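Colleague: With chain A's structure known, arrange chain B on it following the hints.
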Amino acid sequence: MGILLAIVIGVLYGSAIYLLVRRSLVKMLIGLGLLSHATNLLIFTAGGLTQGGPPVINPDAQRLTGAFSDPLPQALILTAIVIGLGVIAFALALSSRLYRATGSDDMNQINIGEK
Amino acid sequence: MLAGIVLIAPLILPLLSAIAGLLALAIRPLSRNLQNLISGIGSTALLLSALFLFLDVLKEGILVVQIGSWPMPFGITLVADIFTSIMILISGIIGFTGQIYSMASINPERIRIGYYPLFFTLLLGVNGAFLTGDLFNLYVWFEVMLMSSFVLMSIGRNPGQTSGAIKYVTINLFSSAIFLTALGILYGFVGTLNMADLAVKFSQARQAGESIGLINVVSGMFLIAFGIKAAVFPLFFWLPDSYYAPPPAISAVFAGLLTKVGVYALIRVFTLVFPLNEGSFQPVVLWIAGITMVTGVLGAVAQNEVRRILSFHIISQIGYMVMGLALYTPLAIAGSVFYIFHHVMVKTNLFFAGGLMERIGGTGDLKRLGGLYKNWPVLSVLFIIPALSLAGLPPLSGFFAKLSLLQAGFEIKSFWIVGVALIVSLLTLFSMTKIWTQAFWKPAPEIDDGECRERLLSQHEDVRSKKGQWYIPIFLLAAITLLVGFGAGIVFPIAMQAGEQLINPAGYIEAVFRSGG
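First to last, the protein sequences are chains A and B. Residue 129 in this note's numbering sits at position 64 of the first sequence, with consecutive numbering throughout. Residue 331 in this note's numbering sits at position 330 of the second sequence, with consecutive numbering throughout.
Everything labelled a hint here was simulated from the structure, so no lab data went into it. One should not assume that every hint holds.
What the hints assert, rightly or not - Label-pair ranges, simulated between beta-carbon atoms: (1) B:W71 - A:L114: 19 to 29 Å; (2) B:L31 - A:S161: 22 to 32 Å; (3) B:E61 - A:V121: 33 to 43 Å; (4) B:P494 - A:K92: 53 to 63 Å; (5) A:Y164 - B:I292: 33 to 43 Å.
What the hints assert, rightly or not - Capping the alpha-carbon separation at 20 Å, the derived lysine to aspartate or glutamate pairs in EDC-like fashion look like this: (6) B:K168 - A:D170; (7) B:K168 - A:D171; (8) B:K443 - B:E511; (9) B:K202 - B:E279; (10) B:K443 - B:E306; (11) B:K368 - B:E306.
All figures in this text were calculated on a predicted structure; none of them were measured in a lab. C-beta: ideal position from N, C-alpha, C; glycine also.
Chain A extracted, bound-state conformation (with noise of 0.2 Å):
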């Protein structure tokens, strides 16, 4: 199980950087929301991957016991993804005025920052 989800989120590295040095402003974008996937499933997976233990405790013990899947990793990746959320539609919608502004959605074409 470790290892395909290693292999899964090395290609989803590997892709979201691909895009991410692309032209085109939509396949940025899509690297950039491939990157934050990849980052999640890395936090789930390095948290420790445990199969069937809940981490709730029995009602007639003080503690957990056995093997049980550490909550924080989860805790932080639904933090992450909230935040990727916001933040990939706040550039979905600045992307979308800077093609209607420019009529292009190549970057080379729109970088008229310099000016």
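Modeller: Same frame as chain A, now just chain B:
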């Protein structure tokens, strides 16, 4: 209990001001005065709370609060040592002066879109990043700060601004992703993200002679992620475009605060969590510092717009701050802390003055500016103080900042970086004199176009009618530069204390554990 209030006030006050500003916009969208009033109260309260925190930390030592009383590695810890409280004070001063400057220079349309609430969420994010003692929480505050800076940067109809903003957004999201990846790996290996807890676990592992997996990779990723935010070589390319595009009030606040949050994070993480002298990055960071100084200042030489020149100087100044970290002695870190304070005051002031010059001359292009010394003598005096301080002329604040860094460099016999720092400050002086001779001394260029002249004259009227709001922030910051320069004997020992706290983090760690035990 009181410590909690003092610590949380710099977060609660900007949040409340932002909420109040939004409510006011919903109730009376057209009232500019109401917005000015709310933001004025908010920024004054923020400045006072920052001052209070600063004095309290000086008197009581390191303050710690565990949010929601959760025990420490599980909950979020807020910590204020002297370095943090100095940074909070800086953000309070910039918030206060920035708010006054905004009253004059931000147009009503922007205010209606919600300029002030965004301004305060920016300050909220900045203060949060300074106060937090938890790395994941640092990421969250970074995002709060970035999100508001994204919007502040892109509101407006100017396509150049939008294209600057998209670069800024992309590069910052990329750096956040690297930061988050490093956090994930770190958590996987150590099982905690609390900075004090991490510091203890790492030093225990070092003493036991164990190697912690991937520590070099993780610390390298932190270096890259914070390096992008701090705009060090070779990760600075996004900065000049982005800081040049938005209105002066916004770019001044950005120039003062945003990159410094990156520098703060670098200093904090590489003194506390991964002490720089333990890892293998110290020479790398020193080289980065040197090259950052040189590229920044050379980039500035080639520019002809006031704010573009100033933007490149931010990069070269970041080099000095990183240099203090890289030398890694108490004096050097104290020099960095002092440099940050000096730099924020001076750089924000130069952006304020640059914005006023643009308003008066109708352009920031040095070729088309001129005659400011003859017609606007007060502005000239107020410009020359921070300009000379930036170059490091005695007795202004920049001189002492540079002196302490050079002294630290001599002490550990790192002569080449001292040489680089001296040459760069000479080139800085050259850049400042370029602005001075072109914009202030050169006779004003003739404007043939009558319509254009009319517009400029009406802008001059506008500036004269809002004299206070334009000049007070510039005057206040220039006064601080002078005070810090003449009072360096009083101010520098505080920086020295901050430097010692940073280089011996035992006090910090103990304070966190004591309150969370």
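Colleague: Against each hint, give a clear statement of whether it holds in the structure.
Modeller: Evaluated hints:
Distance hint for B:W71 and A:L114: a CB-CB separation of about 26 Å, consistent with the stated range 19 to 29 Å. Here the CB-CB span from B:L31 to A:S161 is close to 28 Å, well matched to the stated 22 to 32 Å. At roughly 41 Å, the beta-carbon separation of B:E61 and A:V121 lies within the given 33 to 43 Å, and the hint holds. The hint said 53 to 63 Å for the Cβ distance between B:P494 and A:K92, and at roughly 54 Å that hint holds.
Checked against the hint of 33 to 43 Å, the pair A:Y164 and B:I292 passes, with Cβ atoms roughly 36 Å apart. In summary, the hint linking B:K168 to A:D170 is supported, as the alpha carbons are separated by about 13 Å, within the 20 Å threshold. Simply put, B:K168 and A:D171 have alpha-carbon atoms about 13 Å apart, close enough for the 20 Å limit, and the pair holds. With a C-alpha separation of about 59 Å, the suggested pairing of B:K443 with B:E511 is violated against the 20 Å cut-off.
A hinted pair counts as satisfied when its Cα atoms are at most 20 Å apart, and B:K202 with B:E279 qualifies at roughly 14 Å. For the hint pairing B:K443 with B:E306, the CA-to-CA distance comes to about 15 Å; that is within 20 Å, so the pair holds. Restraint check for B:K368 and B:E306: the C-alpha separation of about 9 Å stays at or below 20 Å, so the hint holds.
Hint compliance for this structure: hint 8 alone is broken.
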